[in-house]
Amino acid sequence: MKINIIGGGIIGLFSAWSLREAGHEVHVFDRSDLTDNCSYGNAGMITPSHFVPLAAPGMVAQGLRRMFRDDSPFYVKPRFDGALAQWLWRFYRSCSQKQTAAAMPVLLDFILESKKRYLEFNVKTGNGFQLEERGIVILFKTAKNEKDELAVAETAARMGIETKRLDRHAVGQLETGTEVDVPGGVLWPCDAHLYPNLLMAHLIKILKNNGVLFHLNKPITGFEKKARKINAIIAGKEIYRADATVVAAGSWSAILLKKLGARLLLQGGKGYSMTFRQPKERPRMPAILSEAKVAVTPLGNDLRLGGTLELSGLDFKINIKRARAIVSSFKEYYPRLEINMPDKKNIWYGFRPCSPDGLPYIGRLKKYDNLIVATGHAMLGLTLAPSTGALVRDMILE
-6 MKINIIGGGI IGLFSAWSLR EAGHEVHVFD RSDLTDNCSY GNAGMITPSH FVPLAAPGMV
54 AQGLRRMFRD DSPFYVKPRF DGALAQWLWR FYRSCSQKQT AAAMPVLLDF ILESKKRYLE
114 FNVKTGNGFQ LEERGIVILF KTAKNEKDEL AVAETAARMG IETKRLDRHA VGQLETGTEV
174 DVPGGVLWPC DAHLYPNLLM AHLIKILKNN GVLFHLNKPI TGFEKKARKI NAIIAGKEIY
234 RADATVVAAG SWSAILLKKL GARLLLQGGK GYSMTFRQPK ERPRMPAILS EAKVAVTPLG
294 NDLRLGGTLE LSGLDFKINI KRARAIVSSF KEYYPRLEIN MPDKKNIWYG FRPCSPDGLP
354 YIGRLKKYDN LIVATGHAML GLTLAPSTGA LVRDMILE
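Just so you know, we're using the working numbering here: the sequence shown kicks off at -6 and counts up by one.
Treat the hints with caution; some may be incorrect.
Keeping only pairs whose Cα atoms sit at most 35 Å apart, straight-line, the calculated DSBU-like set for lysine-lysine is [said to hold, decoys possible]:
| id | residue 1 | residue 2 |
| --- | --- | --- |
| 1 | Lys108 | Lys360 |
| 2 | Lys137 | Lys198 |
| 3 | Lys230 | Lys109 |
| 4 | Lys314 | Lys(-5) |
| 5 | Lys324 | Lys273 |
| 6 | Lys230 | Lys108 |
| 7 | Lys359 | Lys252 |
| 8 | Lys230 | Lys211 |
| 9 | Lys251 | Lys230 |
| 10 | Lys338 | Lys211 |
| 11 | Lys201 | Lys109 |
| 12 | Lys91 | Lys137 |
| 13 | Lys251 | Lys338 |
| 14 | Lys310 | Lys338 |
| 15 | Lys91 | Lys286 |
| 16 | Lys(-5) | Lys359 |
| 17 | Lys314 | Lys338 |
| 18 | Lys109 | Lys273 |
| 19 | Lys252 | Lys273 |
In case anyone wonders, no lab produced these hints; they're calculated from the structure. Given the structure is predicted, the values throughout are model-derived calculations rather than measurements.
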């Protein structure tokens, strides 16, 4: 079969990998030159610890308290936007105990399968992306966040996932790279991390070497349809025919699907990150700062800080106040480290495709038999990419 994949982010590339491994002719299309997208600047964490979906009990109350503060981890830019209003309503409806309880085991299995596939991919293609199974520690400062994090750990234990409660002394023994000013944390040995920029370069090289064709700087402008099939995708004046099409265009997926008469509730959740090259001192352990919702990842000799979820539409402006809040929060947990706010040009941002229930959209559109959608992974795009790619392959071959 010949398959067109729209989107050269991590989901599109692992879909291409799985399909090419199965012997199919694969073409990847992207609106950019693939030197930067949401798959490059993320925290690089593979997180079975994140089996609770974004839409969970307590999220609405938590969000309402600070959602319009532009320095808060979760921020909604005030504006009149019908699509955003519908998304928020569905998000509110999804934050139920019943729905979350049903989603957690499914999401956890999908994450664990993905981690397994990362390890297999690593062995098969060579570790060109610094994959490390060191675990991740979630650090907390307040009694409230300690209670919340331990509750998640207890739920994980009931689902067969090992965690370890750490007091201040144990955190210090684990984090030998620098001083950490916290009363405790939770270690998730099941988690792993990698260097996202290296992973993307590695994947693209492997795919090209294996015969996958890339069509870059090709925004898709339309589709050629007949009955229940997509016969071709259209990029300007060029037509590219295929037996099946995969839409894995991240936060732009809803815009593309609208051309087919499909309505997908999807918001681009803007996140920021800053990468500090070869700092004199840095943490040894990947960490998540519970109160600040900031990810701290040692990447080789570099250090990356990332965080925030900003629903502001596809807004390409940098909110410097939000980026500054990430650095300020980091200093509260790691008081000895000399990390200064970078210039604006060195602040990265990307749009995570967020569904209102916190679960990805993976499946066929009802109208078309040969079109697969794979988007809406929110903060789990990198984590879920290999298992998503395998599922996309299986759906196409059904």
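Verification of the hints:
1. Lys108 x Lys360: holds (33 Å)
2. Lys137 x Lys198: Cα-Cα ~46 Å, so violated.
3. Lys230 x Lys109: Cα-Cα ~42 Å, so violated.
4. Lys314 x Lys(-5): With Cα atoms ~47 Å apart, Lys314 and Lys(-5) exceed 35 Å; violated.
5. Lys324 x Lys273: Holds. Lys324 to Lys273 sits at ~15 Å (cutoff 35 Å).
6. Lys230 x Lys108: Not OK: Lys230 and Lys108 at ~41 Å, beyond 35 Å, violated.
7. Lys359 x Lys252: Satisfied, since the Cα-Cα distance of roughly 15 Å is no more than 35 Å.
8. Lys230 x Lys211: Distance of about 11 Å is within 35 Å: holds.
9. Lys251 x Lys230: holds (20 Å)
10. Lys338 x Lys211: The given pair, whose Cα atoms are some 26 Å apart, holds under the 35 Å limit.
11. Lys201 x Lys109: holds (24 Å)
12. Lys91 x Lys137: holds (23 Å)
13. Lys251 x Lys338: The hint holds at about 33 Å.
14. Lys310 x Lys338: The hint holds at about 11 Å.
15. Lys91 x Lys286: OK: Lys91 and Lys286 at ~25 Å, within 35 Å.
16. Lys(-5) x Lys359: holds (21 Å)
17. Lys314 x Lys338: Within the cut-off at roughly 15 Å; holds.
18. Lys109 x Lys273: holds (34 Å)
19. Lys252 x Lys273: violated (51 Å)
The structure is inconsistent with the numbered hints 2, 3, 4, 6, 19, although it conforms to all the rest.
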